[in-house]
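**Student:** Now for the letters of each chain:
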Amino acid sequence: MTKRGRSIRVPVLARVEGEGALEIDIAGNRITRLDLRIYEPPRLFEKFLEGRSYLEVPDMVARICGICPVAYQMSAVAAIEDAFGFTPGPELRAWRRLLYCGEWIESHALHIHLLAAPDVLGFESVLDMAQAWPEVVERGLRLQALGNRILAVLGGRSVHPVSVRPGGFSRLPGPEALDPLQEACRAALETARDLVAWTASLDLPRETQDFPCVALRHPHEYPMNEGRIAATTGLEIPVSEFEAHFEEYQVPHSTALHSRLAGRSYLVGPLARLNLNRDRLPPPVAEALAATGIAFPSHNSHFSIVARAVEIFLALSEAVRILDDPPPAAPALARPLQPRAAEGFGCTEAPRGILYHRYRFDADGRVQAARITPPTSQNQARMEEDARLALERFGLDRPDEELRRYAERVIRNYDPCISCATHFLRLKVNRR
Amino acid sequence: MKPKVAVHKFASCDGCQLALLNAGPDLLALAERVDFVHFAEAGIVAPEAEADIALVEGSVSTPEEAARIRTVRERSRYLVTIGACATAGGLQALRNGADAGAWVAGVYAHPEWIEISPRALPVAEFVKVDHELRGCPVSTRQVLALFHDLLRGVAPRPVESSVCLACKRAGHACVTVTQGEPCLGPVTQDGCGALCPGRGRGCYGCYGPAATVNAEGLIRHWTAQGMDKDAVRRRFRFITPEAPAFRTAAEEGGE
Ligand code: SF4
Chain A
1293 MTKRGRSIRV
1303 PVLARVEGEG
1313 ALEIDIAGNR
1323 ITRLDLRIYE
1333 PPRLFEKFLE
1343 GRSYLEVPDM
1353 VARICGICPV
1363 AYQMSAVAAI
1373 EDAFGFTPGP
1383 ELRAWRRLLY
1393 CGEWIESHAL
1403 HIHLLAAPDV
1413 LGFESVLDMA
1423 QAWPEVVERG
1433 LRLQALGNRI
1443 LAVLGGRSVH
1453 PVSVRPGGFS
1463 RLPGPEALDP
1473 LQEACRAALE
1483 TARDLVAWTA
1493 SLDLPRETQD
1503 FPCVALRHPH
1513 EYPMNEGRIA
1523 ATTGLEIPVS
1533 EFEAHFEEYQ
1543 VPHSTALHSR
1553 LAGRSYLVGP
1563 LARLNLNRDR
1573 LPPPVAEALA
1583 ATGIAFPSHN
1593 SHFSIVARAV
1603 EIFLALSEAV
1613 RILDDPPPAA
1623 PALARPLQPR
1633 AAEGFGCTEA
1643 PRGILYHRYR
1653 FDADGRVQAA
1663 RITPPTSQNQ
1673 ARMEEDARLA
1683 LERFGLDRPD
1693 EELRRYAERV
1703 IRNYDPCISC
1713 ATHFLRLKVN
1723 RR
Chain B
3 MKPKVAVHKF
13 ASCDGCQLAL
23 LNAGPDLLAL
33 AERVDFVHFA
43 EAGIVAPEAE
53 ADIALVEGSV
63 STPEEAARIR
73 TVRERSRYLV
83 TIGACATAGG
93 LQALRNGADA
103 GAWVAGVYAH
113 PEWIEISPRA
123 LPVAEFVKVD
133 HELRGCPVST
143 RQVLALFHDL
153 LRGVAPRPVE
163 SSVCLACKRA
173 GHACVTVTQG
183 EPCLGPVTQD
193 GCGALCPGRG
203 RGCYGCYGPA
213 ATVNAEGLIR
223 HWTAQGMDKD
233 AVRRRFRFIT
243 PEAPAFRTAA
253 EEGGE
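So the protein sequences, as listed, match chains A and B.
For what it's worth, the working numbering labels the leading residue of the first sequence as 1293, then goes sequentially.
For what it's worth, the working numbering labels the leading residue of the second sequence as 3, then goes sequentially.
Bound-form chain B, shown alone:
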C-alpha cells in the first residue's frame, strides 16, 4: 500500500505548499508513489484523514488552530513542519508581545467578531514534531529530498551549515565587505544556497538560526558600523520571530 500523505494549512501565506504545486512533473511522479489523502489546495479534502506523513504549514494563531493541530498530531504517524511560520511563528508572530486585542481593534471595526490567540506560535509549542524543514518558503528541492529519504525509510538529516559557508562555496563577493550590507548569513541556516548575497543584498534570515550562532560578534560588528539598536533588533526579529537564538539576539542587541 502506498504511504498516505496529508498537507495541512494553518496561519500562513500558502507559499510553502507551492513547493509541491510548483513541482510540475515531479508532483505527478510523487503522486504515483504516495497517496495524497488531504491537500486542499490541490483539491483533495479530508482534513480528518489518518496519514503516514503529515506536512504542516503555518503557525498556530487561534484557539481553533490549537485544537486542530492536536487532532492532526493524533492522526499522523510522522509529522513534518514546513517553513518559517510552522517552525518559528513566521511574520505573524511579530504580534507576539504586543496587545493583540488592541491590534485587532486597529484593523477591524468589530473586533468582537474576530477570534485570535494572543500569540502566533510554532507548531512544536503544541505537539511533538518529528522533523522540520526551514525556509520562507521551503523549496521544492527540500520537499522532494524529504520524500526521497522517508520513502526509503531513512531519517532525514538536519542541516548543519550556514548561509555564510554556502556563500563562500558559491564564490559570491561578501556583501558585508563589499557593500557594507548587514547580512545575517553568518548566523542563518543554509537551505537557499546563499540566494540574497548572490543577488547583491544581505541575507535576511528566511531559514532561521544556524546550528551555532555567534550573535554577539555580529551585533558588535554592526554596532561598530553605526547600526542603531532598533535596527539590530528588527534585523533579528523578522521572518522567524519565535526562533530562540534570534529572539535572544533581538533582546540583547536591542538593549
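Chain A with its partners taken away, still in its complex shape:
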C-alpha cells in the first residue's frame, strides 16, 4: 500500500520509560494500521545468561529493568529454586513479599505522580506540575521514597538491591532499621488511602473495551511471588504451562516480542490483577476500593491509575502487617542449593504484570537456556488494540496534536516500562 498525504512526526513519547514511536495510517474515519514501534536495542540477556552459574542470575537479570529489578530477581529465584527442588519457608516468603511491596509502592507512586498525573492535569512534566500542585507532587515523592526505603532497608539500595540470592537473603536487617521503617509505613497508611480516593476523583475518560485479563491467582493472598496463572477466559494453569498457552511472536516494528493468548491480545498489570483478585484484598483496602464507586471488574484502561493506587494501599498494608511482627531472619538466610540438571519455571507479579522466567540448568547449575517474557511485551498487542479503538472513538478528524496527546495517554495507562520490553515514542500519522 502506498502512503500519501500528510505525515507528522512527534518526537519520543515522553514519560514512558524508554523510547518508541507510534505510527498510524488513517483512511477516512478508520485506522487501517497502528504500529507501536519499539526501538530499544536488543540487549540479548537470554543469550549471555547461557554458561553463567545460577548464583549469578539474579544480579544479571535485575539489570533488565532499573524500575523493577526486584521483579526480575523474584522470578529468577523462583525458577532457580523450582529447578533445584527448594521450597521457601514461611519466613523467606514473608521477607520476599515485604521487598516486593517496596517495589510496587516505588514503581506505582512514580507512575501515578511523575508520569500519569501530568497527563490528567494537563502538564508536560512533573517539574511544571510541581508549581501548580505542590501537595500532589509532594505526596507522590513521599510514597515513592517510602517504597525505595523498604527496598534499601532490605536490599541495600533501591535500584539493583544486593541481598537477594537463590535460597534466601545474604543478610537481613535488625530492629534498629526495621522499627523506624514500620513506623514510617504505618504513618503513611492514611496517605495511601487518600490516594485511592484522589485517583478516583480524577476526570478519567470512559472508554470500555472487551479483552481478557491475565494475572496470578493464589489460594488466599493478593498475588505477588506465587500462584497459578489465571485469565478471565476461565484459564487456570500452573506456571510451567505458560508457554503451552501463551504464544510469543515477532513483529517488524518492535524489538520486543508480542504475546497472545488463544490468538488474542490480553492485559496484564494492576487492572488485570485487581479484576481477578478483588476477593483477596484485606478488608480496609477492599473498603477503600468500594468507596470509589467504580464498578469492578473494569475494562477501562484509564482506571489503571485507580488500580495502581489501590495496590499502593494494599502493598503498604501488607508491609505494615509483616513489619508489625517481623519473622525471624535466620530461616530466611541463603542456604546452599543442590544444583542438578533440570528445568525450572518462575512467574511473579512485577508492578506491570506477570513476569515469566524459564531456565534449563546443567548438573553444575550453569544456565543452558533461558527464556524471559516481561509484562510490557505481553501488553504490547493490547496497547495497540486499545489505542486503535480509543482513537477511532475519540475522533480521527481532530488535529494531530490532539491525537498524539490522547494516544500517549492511552498508552501510558499501561505504564510501559519499555526497558523491560525494549522501548518507545514518536507519532507519525499518515492520512489518505
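Hints were generated in silico from the structure; no laboratory data involved.
As the structure is a computational prediction, the values presented were derived from the model and not from experiment.
Here a beta-carbon is modelled for each residue, glycine too, at the ideal position from N, C-alpha and C.
Certain hints may be false.
Restricting the straight-line Cα-Cα distance to at most 25 Å, the calculated cross-link-like pairs of lysine to any residue (SDA-like) are [said to hold, decoys possible]:
| no. | chain 1 | residue 1 | chain 2 | residue 2 |
| --- | --- | --- | --- | --- |
| 1 | B | Lys6 | A | Pro1426 |
| 2 | A | Lys1720 | B | Glu66 |
| 3 | B | Lys231 | A | Gln1660 |
| 4 | B | Lys4 | A | Trp1425 |
| 5 | A | Lys1720 | B | Ala68 |
| 6 | A | Lys1720 | B | Glu50 |
Label pairs and their calculated CB-CB ranges [claimed, not checked]:
| no. | chain 1 | residue 1 | chain 2 | residue 2 | range |
| --- | --- | --- | --- | --- | --- |
| 7 | A | Gln1423 | B | Lys231 | 52 to 62 Å |
| 8 | A | Gly1343 | B | Pro65 | 22 to 32 Å |
| 9 | B | Cys176 | A | Gly1343 | 25 to 35 Å |
We have chain A; now place chain B with the ligand onto it with these hints.
**Tutor:** The following block gives chain B with the ligand in isolation, referenced to the frame of chain A:
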C-alpha cells in the same frame, strides 16, 4: 541564565536516570537551579537541544546510537557518562566477542528485522568524555555531588579509593576471610561504600576497576581457594566487561 541540562539514554536499563527521578525534593530543588532541556523519562523531550551539561546513560550498541552519540557530543559543552553501561559497556557488552548475528537469530524468528552493532561499547570509544560517574547504578548522592561541583565551577574529582578500603572504614567483617566469598573489593573502585560486604556477600564489581588493580594477587588467592578458571573469568567479566583492567584480568585469569 540557568545552565541547560540534557539526560540522554542509550542501551541501558534506565536505572541510572533513576538517581535523579528518585531524588525527590532534591530533584525539584535542582530543577530550580538548572534548566532540564531533555529528560524523556521526566517528560521533557528535545533530544537535539543544545546543553551545557549532558548526562549520558547506556552503551552504544547500534548504528543509530553510534550516529546519535556524535550529535549529542556536538551539542553538549560538558559530557558526563553515568553508570557501567556508558563507562564500560554494561552487561549487554557480554555479547562482545560472540557472534552477535547468531545470538540475534537465537532470540528472534526474524533476525533480519533487528539492527545491532557487533559490539556494545562504552561512550568514550566514540566521543570525548569530560567526566565519568561509575556504578550500576550511579547513586543519587554521586549525581547531586556532580552538580554541586559543576554549578560552582569546580572540576569534579575522580575517585581514588577501593571498595576494600571503604569496607575496612565501615568496620565490616571481611567476607573473604570469614565466609570465603570471592570478593572483588580489593580491585573495585569505591562509590557504594562497600554495600555488598555490609550485606554479607562479596563485591561483584558494579563500580569497575579501581585506580590500581592487582588482579594477579587476587587470582592467585582465588585459585588457591579452589576457584576454577572459568569462574575467575566470569567474575571479572560481569557488570563492566569493557573496562580494560577487568578485561585483561578475565583473559589472564581464565587461561
Ligand atoms: S549502569 Fe546498570 S543501572 Fe545504569 S543503566 Fe546500565 S544496567 Fe542500568
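**Student:** Work down the list of hints and note, for each, if the structure agrees.
**Tutor:** Cross-check of the supplied hints:
{"no.": "1", "hint": "Lys6(B) x Pro1426(A)", "verdict": "holds (23 Å)"}
{"no.": "2", "hint": "Lys1720(A) x Glu66(B)", "verdict": "holds (19 Å)"}
{"no.": "3", "hint": "Lys231(B) x Gln1660(A)", "verdict": "holds (19 Å)"}
{"no.": "4", "hint": "Lys4(B) x Trp1425(A)", "verdict": "holds (23 Å)"}
{"no.": "5", "hint": "Lys1720(A) x Ala68(B)", "verdict": "holds (24 Å)"}
{"no.": "6", "hint": "Lys1720(A) x Glu50(B)", "verdict": "holds (18 Å)"}
{"no.": "7", "hint": "Gln1423(A) x Lys231(B): 52 to 62 Å", "verdict": "holds (59 Å)"}
{"no.": "8", "hint": "Gly1343(A) x Pro65(B): 22 to 32 Å", "verdict": "holds (28 Å)"}
{"no.": "9", "hint": "Cys176(B) x Gly1343(A): 25 to 35 Å", "verdict": "holds (30 Å)"}
Hint check: no violations occur; every hint is consistent with the structure.
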